[in-house]
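A.B. asks: Top line first, the protein sequences correspond to chains A, B and C.
Under our numbering, read the first sequence as residues 1 to 237, first letter to last.
Under our numbering, read the second sequence as residues 1001 to 1256, first letter to last.
Under our numbering, read the third sequence as residues 2001 to 2223, first letter to last.
One thing to keep in mind: the hints can contain errors.
Subject to a maximum C-alpha distance of 20 Å in a straight line, what follows is the list of computed PhoX-like cross-link-like pairs (lysine-lysine) [to be verified]:
#1 K1136/B x K2014/C
#2 K2070/C x K1168/B
#3 K1168/B x K1125/B
#4 K1136/B x K1205/B
#5 K1075/B x K1092/B
#6 K2070/C x K1205/B
#7 K1203/B x K2070/C
#8 K1168/B x K1132/B
#9 K1132/B x K1205/B
#10 K1125/B x K1201/B
#11 K1044/B x K1075/B
#12 K1097/B x K1136/B
Derived list of chain C stretches under chain B, where covered just means 3 residues or more per stretch with a C-beta under 8 Å from a C-beta of chain B [claimed, not checked]:
#13 2159-2172
#14 2201-2208
What the hints contain is simulated information worked out from the structure, not anything from laboratory work.
We put the CB at the ideal spot given by N, CA and C, even for glycine.
Okay, here's what each chain looks like letter by letter:
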Amino acid sequence: MSFEVDIRKTVRSERRSFELRVQFRTRARRTVIFGPSGAGKSLTLQAIAGLLTPDAGRIAFGGEVLFDAAAQVDLPARRRDFGYLFQDYALFPKLNVRQNIAFALQPGLRNPSAHAGGDAVEKWLRAFELAEVASQRPDELSGGQRQRTALARALVHSPRALLLDEPFSALDPELRQRMRQELDDLLQRIDIPVLMITHDPDDLDRFGDEALYLRDGRIAERPLAPGAMPSRRTTVA
Amino acid sequence: MNHPHPRRELGAALLAAAIATFSFAANAADLTVSAAASLTNAFKELGPAFEAQNPGTTVVFNFASSDALLAQIAKGAPADVFASADQDAMDKADAQKVLAAGTRRNFVGNTLVMIVPSDSTLGLKGPADLAKLEVKRVAIGNPASVPVGRYTRGALEAAKLWGTVEPKAVMAQSVRQALDYVARGETEAGFVYATDAGIMKDKVKVVATIPTETSVTYPIAAVAGSPNPDAARKFLDFVLTPAAQAVLARYGFGKP
Amino acid sequence: MDASVWITLALTLKVAGCATVINLVLGVAVGWLLARRRFIGREFLDAVLTLPMVLPPTVLGYYLLVVIGKRGWLGAWLQNTFGINLIFTWQGAVLAATIVAFPLVLKSARTAFELVDPQLERAARVLGLNEWQVFFRVTVPMAWPGILAGTLLVFARSLGEFGATLMVAGSIPGRTQTLSVAVYEAVQAGEDNVASFLVAITSITCIVVLLASGRLAPTVRAR
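Starting from the given sequences, assemble the full structure and let the hints guide the process.
C.D. replies: Take a look at the structure:
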């Protein structure tokens, strides 16, 4: 299962303009795109997921073309069959844990009921030890519980790959190590390709079977020296 | 060194403006005349004539249906003169004791007519034709609050036509609104005074004069306890002078 | 007091109810469009659609009368094509109330949609929902308190609509005489008892509706 990405996208805001020009191909089981804030990591991941349309280029996964500007192919996000973990989890605040997890399995225009069940939902509730808080809403959960809920929600419909946007940055430092271990164990069990973006070197060590370095909207040739990574981006010329 | 206080000066200026605005209403030389809607055009011409004869007095008019005007007066509106389109409204005023004793008198007469839009092709000739299917809506003043509606109902009841016409009735708030409905073509026919039909000669045409059980005479009286009783009495005398009566006659009003 | 008061109340609720339902659908649709789509003249369109809120109702009533009356361009067309005349009908009253109250739900809906976190909609998309599902399962529920508040304002405004309604629909007991018009007529005719009774009925109706709708959007729990 490989990701092939070759895209260009210009993003304009009031004060600046940012150009993303990313090319890479990876066959690894676990790929990490590593770079400082503002490098364009989220944009890249959203483009792969179908949440953002590049200006030009091509995206393919496992040989299937998801996006091709020249051929006018643009598969919408709902047909790309990826699981996506957002940086702040984007849990639905008015739905409880159970409903959030069951969300993708519910067809039609109504949300899952508060007692939504089913084998897949129960399996993930148990796997992530969320059974006890199943009726609670996201604002009543701890950071770790929220992350697990978001993961369960992303995995419940058995996606073919997992896209993770800075999965641990919203957690306390002490929690991060434990959650890394949990994710590692999980990935051993479910064994689907993973593409993670992060600015944390510890994530890179743990999950970076293949490492890509993104800086100023471009993939760099070689990794930067340790400690040379500024944590805040200044305006791009 | 004097420091100007802009905020205080602004506040004083605003206060002065507010007082000036509100005290406008208390001008002692204003004569307020509440008159039935059908008198609108004629009285507007009489106003300046009265002012010319009584320098220092400004006449302020308030036109609406007679009952509506009475409702205002009964609740203390500061009118000096009340001119109504039928005896009924004035009787009600008398019963509520809002009239100055001995000032009530009749000053003009009018006629009830049936009108149609000037481009009407239905060939209506009188109230009996209102039973036709093509007549869907008839503009009538609301009998509960408009004298012309009372005259109309009385006349139609006497002719045994009220039962046929009432389901098609569109109640107007005043005789002028009834006139407007017909002028716009929103109703196929309507009942107004001859004087009103004369105002919109190009938009409506009179097809019948309707005899009423009691003749249409307009009473006028001074309001009890009003701000300007002397000017009120002068106005009452004024409307009966030959000059004023000639103006009223020009608009189609008859002798009382 | 005769039974006609209840007929008047039923008619008023019918007119206000229809105007509210129409405005809910229109307000949500147009509000979403203004919140989410960029196009030339967007703010100008918003201003034009908000105009009924600043125009006096009698002015609106006059414009309506001129446009949909028998001699108006739209009214003549309706008459010739469908044989429909809206003047002096309860449907005309619904039209007047709808136009007068529309800006109230438009403003609320647009703001409510603008405040919905787009990240939640992206999450829904990547979980497999199509755009209609995203709209009804994520966007609308998140915007709902604002939309509901706007809808309530529309209902209250429609219930009390007078100026434009009187001009367009007239005052025909049982057919277009709504509670507000009936109160006006009672005062004009000097029937204070009737007026007071009608005012009381209107007030009680409004309070009942406000309380009932409070259950549709429970207030946010304090943390």
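A.B. asks: Go through the numbered hints given earlier and state which of them the structure violates, listing their numbers in rising order.
C.D. replies: Hints 1, 11, 12, 14 not satisfied by this model.
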